[in-house]
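Each protein sequence line maps, in turn, to chains R and Y. Each residue of the first sequence is one higher than the one before, counting from 1 in the working numbering. Each residue of the second sequence is one higher than the one before, counting from 1 in the working numbering.
Hints are supplied without guarantee of correctness; some may be wrong.
As the list makes no split between identical chains, a pair holds if one copy fits it or if it spans any two.
To be verified - With a Cα cut of at most 25 angstroms, we get these calculated PhoX-like pairs of lysine-lysine:
hint: 1; residue 1: K127; residue 2: K105
hint: 2; residue 1: K83; residue 2: K105
hint: 3; residue 1: K150; residue 2: K107
hint: 4; residue 1: K11; residue 2: K123
Honestly, the hints are just simulated from the structure, not real lab data. Note that the structure is a prediction, hence the values are computed from the model and not measured.
2 protein chains.
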Amino acid sequence: MEYVKPMDIEKRSFEIITEELGDRKFDELCEPIVKRVIHTSADFDYADNLCFSEDVARIGIEALKSGCDIVTDTQMAKSGINKTILAKLGGQVHCFIADEDVAEKAKSEGTTRSAVSMEKAGKLPKKCIFAIGNAPTALIKLKELIEEKKLEPVLIIGVPVGFVNVVESKEMIMNTGVPYIVARGRKGGSNIAAAICNAMLYQITR
Amino acid sequence: MEYVKPMDIEKRSFEIITEELGDRKFDELCEPIVKRVIHTSADFDYADNLCFSEDVARIGIEALKSGCDIVTDTQMAKSGINKTILAKLGGQVHCFIADEDVAEKAKSEGTTRSAVSMEKAGKLPKKCIFAIGNAPTALIKLKELIEEKKLEPVLIIGVPVGFVNVVESKEMIMNTGVPYIVARGRKGGSNIAAAICNAMLYQITR
Numbered sequence: 001m002e003y004v005k006p007m008d009i010e011k012r013s014f015e016i017i018t019e020e021l022g023d024r025k026f027d028e029l030c031e032p033i034v035k036r037v038i039h040t041s042a043d044f045d046y047a048d049n050l051c052f053s054e055d056v057a058r059i060g061i062e063a064l065k066s067g068c069d070i071v072t073d074t075q076m077a078k079s080g081i082n083k084t085i086l087a088k089l090g091g092q093v094h095c096f097i098a099d100e101d102v103a104e105k106a107k108s109e110g111t112t113r114s115a116v117s118m119e120k121a122g123k124l125p126k127k128c129i130f131a132i133g134n135a136p137t138a139l140i141k142l143k144e145l146i147e148e149k150k151l152e153p154v155l156i157i158g159v160p161v162g163f164v165n166v167v168e169s170k171e172m173i174m175n176t177g178v179p180y181i182v183a184r185g186r187k188g189g190s191n192i193a194a195a196i197c198n199a200m201l202y203q204i205t206r
Numbered sequence: 001m002e003y004v005k006p007m008d009i010e011k012r013s014f015e016i017i018t019e020e021l022g023d024r025k026f027d028e029l030c031e032p033i034v035k036r037v038i039h040t041s042a043d044f045d046y047a048d049n050l051c052f053s054e055d056v057a058r059i060g061i062e063a064l065k066s067g068c069d070i071v072t073d074t075q076m077a078k079s080g081i082n083k084t085i086l087a088k089l090g091g092q093v094h095c096f097i098a099d100e101d102v103a104e105k106a107k108s109e110g111t112t113r114s115a116v117s118m119e120k121a122g123k124l125p126k127k128c129i130f131a132i133g134n135a136p137t138a139l140i141k142l143k144e145l146i147e148e149k150k151l152e153p154v155l156i157i158g159v160p161v162g163f164v165n166v167v168e169s170k171e172m173i174m175n176t177g178v179p180y181i182v183a184r185g186r187k188g189g190s191n192i193a194a195a196i197c198n199a200m201l202y203q204i205t206r
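Please construct the entire structure, taking both the sequences and the accompanying hints into account.
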């Protein structure tokens, strides 16, 4: 067992990740995002499957600096985001998935709570960052709302995980014209969504 | 895009996982655990790296049926566990990582909050299931407490993720004599820890 001081564990982990990534080159502001996702998952597939729209990390970081809020599709993603730093910058995390009115509307319309929670987020007064780690139906609803001009996200973190319409929903979100960070393919998760948010927050302050 | 009714998405996902696992054979009670972890991560590596001690799924399920509590090392794992079902069975989830006294003790002893949160869990009146998805230092502390007869977990879900002492801490926990479910290697996470708990809960009731 290697003795590493608690405060140095993360630093040592990032050194190992950097070593194993070898010669891989990334955009300067995206690199810490790729590395933090690998740190969160121990899965180097993300070095290949993370897709970034032009200038997206700068857009996300600038927005967070100005107090931008984040909307998540799960409590777990909300739970994983560093809310202390976000609050210092003036932002907060919203997650409507467990709201009574969302559950009722989803039931009556035969759709998912995730999709309805995106509609509810569309009524927030601020432009937000959307961090979707679970539900492809949330991404599909976001696309609809964007096309109907009912919602204008600052950027979409599209990293749902799974087997039904996950791959397709991610490809779709990359064609909306909205800045995106997407994990192409089946992989992703609430932990990945939170890690991407934190990687941007930690570039601002830590 | 495939149209799948919201209530059928999970069912269809499990069918795809079953198809892709092909001829792989698992223990009857462990199979739903393996499949739920793959469902949570879209990562078939878990079909190979999940290790189960003898009879562990039956032990876990029986304990949960009798109202056993779960201790996690992160708020995120706590957030991912189905607390509604757990509460119906008489159990609850404990996570001490964000407690003031834990932070203070960790600082003064130069150790991690995760390790100290395990000491605190050792003082709970009930025997618990420990679900560790983040911190190898939590597993290392659990081993110490077990050897010092200060703690007797019902079972340990040992699935921290990462690069520093993660692999070693998992191998160690498999040699304590305590029933275990471990993801051998670097992979794991809070989402994986929660998925394993839920896979046992859903075998009791859903």
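Results of checking the hints against the structure:
Taking identical chains as interchangeable, the C-alpha atoms of K127 and K105 lie at most 25 angstroms apart only when both belong to the same chain, with a minimum of 24 angstroms there against 41 angstroms between chains. For the identical chains of this complex, K83 and K105 are inter-copy neighbours only, at 23 angstroms across copies versus 29 angstroms inside a copy, given an alpha-carbon limit of 25 angstroms. Within a single copy, K150 and K107 get their C-alpha atoms as close as 22 angstroms, which meets the 25 angstroms cut-off; across copies the closest is 48 angstroms, which misses it. Taking the shortest Cα distances, K11 and K123 never come within 25 angstroms of each other, neither inside one copy (40 angstroms) nor across copies (32 angstroms).
The structure does not agree with numbered hint 4 stated previously, though it agrees with all others.
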